[in-house]
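These protein sequence lines are chains A and B, in that order.
Take the first sequence: its position 25, counting from 1, is numbered 39 in this note's numbering, and each next residue is one higher.
Take the second sequence: its position 56, counting from 1, is numbered 126 in this note's numbering, and each next residue is one higher.
Since the hints were derived computationally from the structure, they do not count as laboratory data.
The beta-carbon is built from N, C-alpha and C at its ideal position, and this holds for glycine as well.
There could be a bad hint or two in this list.
Have a look at the derived ranges for each label pair, beta carbon to beta carbon [to be verified]: (1) B/Ala150 with A/Ser88: 37 to 43 Å; (2) A/Asp40 with B/Arg171: 22 to 28 Å; (3) A/Leu61 with B/Arg92: 20 to 26 Å; (4) B/Arg92 with A/Arg122: 37 to 43 Å; (5) B/Thr90 with A/Gln70: 42 to 48 Å; (6) A/Ser26 with B/Phe139: 41 to 47 Å; (7) A/Thr74 with B/Gly98: 34 to 40 Å.
Sample of chain B residues facing chain A (criterion: CB under 7 Å; computed from the structure) [unchecked claim]: (8) Gly112; (9) Phe115; (10) Phe117; (11) Ser156.
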Amino acid sequence: AQTVTQSQPEMSVQEAETVTLSCTYDTSESDYYLFWYKQPPSRQMILVIRQEAYKQQNATENRFSVNFQKAAKSFSLKISDSQLGDAAMYFCALNFGNEKLTFGTGTRLTIIP
Amino acid sequence: DAGVTQSPTHLIKTRGQQVTLRCSPKSGHDTVSWYQQALGQGPQFIFQYYEEEERQRGNFPDRFSGHQFPNYSSELNVNALLLGDSALYLCASSLAGGDRRVDFGAGTRLSVL
Chain A
15 AQTVTQSQPE MSVQEAETVT LSCTYDTSES DYYLFWYKQP PSRQMILVIR QEAYKQQNAT
75 ENRFSVNFQK AAKSFSLKIS DSQLGDAAMY FCALNFGNEK LTFGTGTRLT IIP
Chain B
71 DAGVTQSPTH LIKTRGQQVT LRCSPKSGHD TVSWYQQALG QGPQFIFQYY EEEERQRGNF
131 PDRFSGHQFP NYSSELNVNA LLLGDSALYL CASSLAGGDR RVDFGAGTRL SVL
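From just these sequences and the hints, can you work out the full model?
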């Protein structure tokens, strides 16, 4: 079985600053994908960024980047130049093979103007 | 290009009743998964449908059942509703053997009184 742990229930950051959300996971699989999803109050789960486990290079998407440490089973999300629209619940998720996702419990991110 | 659509957006039922939730996958996707998200928690996998068959199932009782139609749309049925079934139900779609991208609908909020 795989597990995903997000140890920060809540985080806050000043607008335009940088924040890092933490995620650790456990799986016995070698080929898997990791994701960060954003869920605003509208409830729509939006894909922020994803990382293939076999790729050593960290994924980046504009202001969002990850620090993927495979040996440590760590997958943190860095948000640069935080904007008010970044306020949401952020979920780390893991999947392998057949698209079933295992989610963490989420981190609520607040942006302070 | 329509994304994942779910209906209804909100539903109120009483204990013991039965409910049916509906989902249309994103255009080009053939696999549908259902998740239950309790308040303040991450989504939990219920089951997945591919080629009109249940391919995977999470740790949910038989009261939860589903169906996939030839056009890939799907239904989630819950019988003998319990208060604990109150949650946000998310539908997700993906393409089997594709790039592992999973798209989510906005969910159906079920309240059981």
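Hints not upheld, ascending by number: Hints 4, 7, 10 and 11 contradicted; others consistent.
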